[in-house]
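Fit chain B to the given chain A structure using the hints.
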Amino acid sequence: MSNEQQIPLGKDVGTGLKKISTSSTASGLQTGLFTLASSLAAVVIALAICAVLLAVTGKNPWQAYSTIIETGTEGDKLLEMMKRATPLIFSATAVAVGFKMNLFNIGVEGQYLFAALIAATVGSRVSLPAPLHVLFILIVAVVAGAAWASIAAMLKVGRGVHEVISTIMLNYVALSVIQWLFENFFRDKGAEGLNVKTKLLPASGRMPDIVDDRLGGMFFVALFVVFLYWVLVFKSRFGFRLRSSGLNPGAARTSGIGANKMIFISLLVSGGIAGLVAMQSVLGEIYAYGPNATPTQLGFLGIAVALLGRHHPIGIVVSALLFGFLDSTSAQLQLAEIPSSIVKLIQAITVLTVVIINEATIRWLNKRTAERTAATLIHRAEVAAS
Amino acid sequence: MSTVEVTPGDIAASTSKRARALANHRIVMLVSAFVVLAAMSFTRIWTDQQALTSSQTIGTALRVMVPILMAGIAALWAERCGVLNIGIEGMMIFGTWFGGYFAWQHGAWVGLAMGVLGGMIAGTIHAVATVHFGVNQTISGVVMNIFAFYGARYLSDLLFVGEQGGGVSQSPPQKSAIPKFDVPFLAGGDLFGWKTPDIFGWFEDKEWFLVGDLGGIGRGLTYNISWATAIALATVPITAWVMWRTRFGLRLRSSGEAPSAAETLGVKVVRLRYAGLIISGGCAGFGGATMSIVASSYYRQGQTQGNGFIGMATLIFGNWRPMGVLGGASLFGYSLGIKLVANDSIPALFLFITFVAGCMLIVSLVRQKAVTAISAAVAGALFFYAYHTVQEVPESLTQALPYVITLVVLATASQRLRPPAMAGVPYRPGEGH
Chain A
0 MSNEQQIPLG
10 KDVGTGLKKI
20 STSSTASGLQ
30 TGLFTLASSL
40 AAVVIALAIC
50 AVLLAVTGKN
60 PWQAYSTIIE
70 TGTEGDKLLE
80 MMKRATPLIF
90 SATAVAVGFK
100 MNLFNIGVEG
110 QYLFAALIAA
120 TVGSRVSLPA
130 PLHVLFILIV
140 AVVAGAAWAS
150 IAAMLKVGRG
160 VHEVISTIML
170 NYVALSVIQW
180 LFENFFRDKG
190 AEGLNVKTKL
200 LPASGRMPDI
210 VDDRLGGMFF
220 VALFVVFLYW
230 VLVFKSRFGF
240 RLRSSGLNPG
250 AARTSGIGAN
260 KMIFISLLVS
270 GGIAGLVAMQ
280 SVLGEIYAYG
290 PNATPTQLGF
300 LGIAVALLGR
310 HHPIGIVVSA
320 LLFGFLDSTS
330 AQLQLAEIPS
340 SIVKLIQAIT
350 VLTVVIINEA
360 TIRWLNKRTA
370 ERTAATLIHR
380 AEVAAS
Chain B
0 MSTVEVTPGD
10 IAASTSKRAR
20 ALANHRIVML
30 VSAFVVLAAM
40 SFTRIWTDQQ
50 ALTSSQTIGT
60 ALRVMVPILM
70 AGIAALWAER
80 CGVLNIGIEG
90 MMIFGTWFGG
100 YFAWQHGAWV
110 GLAMGVLGGM
120 IAGTIHAVAT
130 VHFGVNQTIS
140 GVVMNIFAFY
150 GARYLSDLLF
160 VGEQGGGVSQ
170 SPPQKSAIPK
180 FDVPFLAGGD
190 LFGWKTPDIF
200 GWFEDKEWFL
210 VGDLGGIGRG
220 LTYNISWATA
230 IALATVPITA
240 WVMWRTRFGL
250 RLRSSGEAPS
260 AAETLGVKVV
270 RLRYAGLIIS
280 GGCAGFGGAT
290 MSIVASSYYR
300 QGQTQGNGFI
310 GMATLIFGNW
320 RPMGVLGGAS
330 LFGYSLGIKL
340 VANDSIPALF
350 LFITFVAGCM
360 LIVSLVRQKA
370 VTAISAAVAG
380 ALFFYAYHTV
390 QEVPESLTQA
400 LPYVITLVVL
410 ATASQRLRPP
420 AMAGVPYRPG
430 EGH
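These protein sequence lines map, in sequence, to chains A and B. Under numbering that gives the first Met the number 0, the first residue of the first sequence is numbered 0, with each subsequent residue one higher. Under numbering that gives the first Met the number 0, the first residue of the second sequence is numbered 0, with each subsequent residue one higher.
Chain A with its partners taken away, still in its complex shape (with noise of 0.2 Å):
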């Protein structure tokens, strides 16, 4: 009795899941969607969660966040905002590039920071005309990047640390590089107290502004960035194993994709477009490196972009997008004494909500496919019993 029924239940499981795959590709849009509602989910729910915040703590919650809106979405702040997302755009990339090939490379905080006092050091000591300046700092930038995170990267080749250890120590060993490298050669001796830099870049050296003093022209070389990012990730040869070797190395492997080679190359890659973080603050606001001046916590904001961004290209800049417009709003908030802090505070509840529905959601689709196939095998398998 088995064997009759065992028969023609195991031709229909070829057929049955031969459709499911055939309709897996239709419902790639439908996960896209997914995904995006539970993004935006995730945003809500760290803004109702920040409401209840404010509220507790005696602020008007809908005051805060009109105020917000309001403001925001003024011409000018519309600029501000595309201008505090830059730096976010590279650094969420950088991290991205490392995620797509399963490498979680903490250590871009270390090595923007290191790439902004090379570049600025070299940048300031070379001539050259104008455009060619400017393109050498950014060349200088991307190769210090590439640099310090090359270290990691053989670590992890040649003696198997784990990317995330090293890269937290490193982060910490390029402060203190950094701290010394500044204070013993490439400091300008002319400066004095807080304001201590090194020497100021040339007039040829200095990125033009798009519009006067509100957006430096950084911000395209950000989003040319992420332009190579989507066609190298998802439209290349390269990207392809890239992403094979992050989603199943094994399988990577045994089709002739060296595992080391693609780290290697991915996480140089993480570091190259770390090394540019910093450059809209070097190239075009204070022409220099200045322990003081430069901006910190950038690399660690970039994860929560990626995170929130889904290291999707358009995710990425969507998501700088939203953290530079919380950004440019915290001047006014303070002035209608709401704590300016609370910008900061809805982007990090928005991160944790994020990765948490994100799994969530994973989970739910996981259940609701496996449901599906289920119930098609068992409606087919009824099928051909009767």
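Hints may contain errors.
Claimed, not checked - DSSO-like cross-link-like pairs, simulated, lysine-lysine; straight-line CA separation at most 30 Å:
#1 Lys155(A) <-> Lys368(B)
#2 Lys368(B) <-> Lys16(B)
#3 Lys338(B) <-> Lys188(A)
Stated by the list, open to error - Negatives, chain A to chain B, calculated, CB over 12 Å:
#4 Thr253
#5 Ala258
#6 Phe263
#7 Gly314
#8 Lys343
#9 Ala374
Unchecked claim - Okay, the calculated bits of chain B under chain A, using three or more residues with CB under 8 Å as the criterion:
#10 125-137
#11 153-161
#12 306-314
#13 383-396
The hints are simulated quantities; they were obtained by calculation from the structure and are not laboratory data. All C-beta atoms, glycine included, are put in the ideal place defined by N, C-alpha and C.
Coordinates of chain B only, in the frame set by chain A:
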């Protein structure tokens, strides 16, 4: 078909062999501790750098060590139950803020307790994300660091701004402190109002070979000790006892080594991982609270200074064991302590390393281990050269020492490290069977 018969005699023989190996190990440890101490003493007398083992240096090292040690113990609890905790730094920020706020409002002891509570809240958040929802443990930890940093800033903005001496990045100063004590008979502490003799101090003043060093180290560990420091030191044996001598500890470790197997035996893996992470958060919170209450008298943004990450480093350095964590924390604490007390005596330590490398060279020659002998000889020569050429080590570079040591340990000795097998792998109940 042959079966291997295991007789009770075999078991007895193997246990006695094990016991002998353990005893041998202890003797080796004792002898090497003596050699290290002798080398230190010799260096101190040779270079006349009394600060190397003075009670002031050791006392400072002990104070800086406490947060590192607590972070290391926190990392131990988390990883032993099977969850990576990159968020220790963030949990320590919870500890510093809660500690700082409640110590300012209600006194130092309340602050310390609330710091622990703050860390436990953070630990619970990490547990909900990683254990309940199965979020990638590294991601959750990193997000915890970001969340704690900006969360503390928001709370400061709300509660400290406008107060006397307070602001968005720091709290007003506290009025009370955790009391300190000197151990009677060893460091001249009071006993029922009678001032006992200061034996370690007396030895330290003599500056004799070995005796002076033992006096200095002993006095540093017994003189002017905060009760918070004593509690922190006590967590090491307590952790070791709970983890290796109790049923709870066995189950906790088993959920980090083989959760599926543990679950088939009725161990509640999820519950244990929650417990492990809450304890982990509590330890990190305590470490953070000592920074804002004991090491200073107010909360300040960025007060944790990466101690959470150094704590993770001690866990790796200490091979995921409580005594190893204590060893790593002592080493990093000493390197930070001597920098604070006597930065100019650091070159003398190069001579000390030369001596130790010399001893290692002799041992490896006797044991006929070529690679160790060559590396010991090269290291010895390098450090001897450094001793003669380097006048002063830049302070910015000595700060990087714990991190560099960790990377070197990971790169050279990773074969000998044995982390919990399933630390970092999310587990869902019923997954393995």
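Check: Would the least Cβ to Cβ distance between Lys343(A) and chain B come out above 12 Å?
Finding: Lys343(A) is in fact no farther than 12 Å from some Cβ atom of chain B, at 4 Å.
Next item on the list: Test the statement that Gly314(A) is away from the interface with chain B: the closest C-beta pair must be farther apart than 12 Å.
Entry: With a cut-off of 12 Å, Gly314(A) remains clear of chain B, as the shortest Cβ separation is near 16 Å.
Item checked: Beyond 12 Å from every chain B Cβ - status for Ala258(A) -> holds (18 Å)
Check: For Thr253(A), which was marked as not at the interface, is the minimum beta-carbon distance to chain B over 12 Å?
Finding: holds (23 Å)
Next item on the list: Could you let me know if the closest chain B CB is still more than 12 Å away from the CB of Phe263(A)?
Entry: holds (16 Å)
Notebook entry, point to check: Holds or violated: are the alpha carbons of Lys155(A) and Lys368(B) at most 30 Å from each other?
Noted result: holds (28 Å)
Check: Taking only the CA atoms, is the gap from Lys338(B) to Lys188(A) under or equal to 30 Å?
Finding: The hint holds at about 26 Å.
Note to self: For Lys368(B) and Lys16(B), compute the direct alpha-carbon distance and say whether it is at most 30 Å.
What the structure shows: holds (25 Å)
Note to self: Taking beta carbons only, do three or more residues of the segment 153-161 of chain B come closer than 8 Å to chain A?
What the structure shows: holds (count 5)
Notebook entry, point to check: With a cut-off of 8 Å between beta carbons, are at least three residues of the segment 125-137 of chain B near chain A?
Noted result: It holds, with 7 qualifying residues against the three required.
Checklist line | Verdict on chain A covering the segment 383-396 of chain B, where coverage means 3 or more residues with a C-beta closer than 8 Å | finding: holds (count 3)
Note to self: Quick check for students: does the CB of Ala374(A) sit more than 12 Å from each CB in chain B?
What the structure shows: The claim stands: Ala374(A) keeps its Cβ more than 12 Å from every Cβ of chain B (closest is about 21 Å).
Checked against the numbered hints listed earlier, the structure breaks hint 8 alone; every other hint is satisfied.
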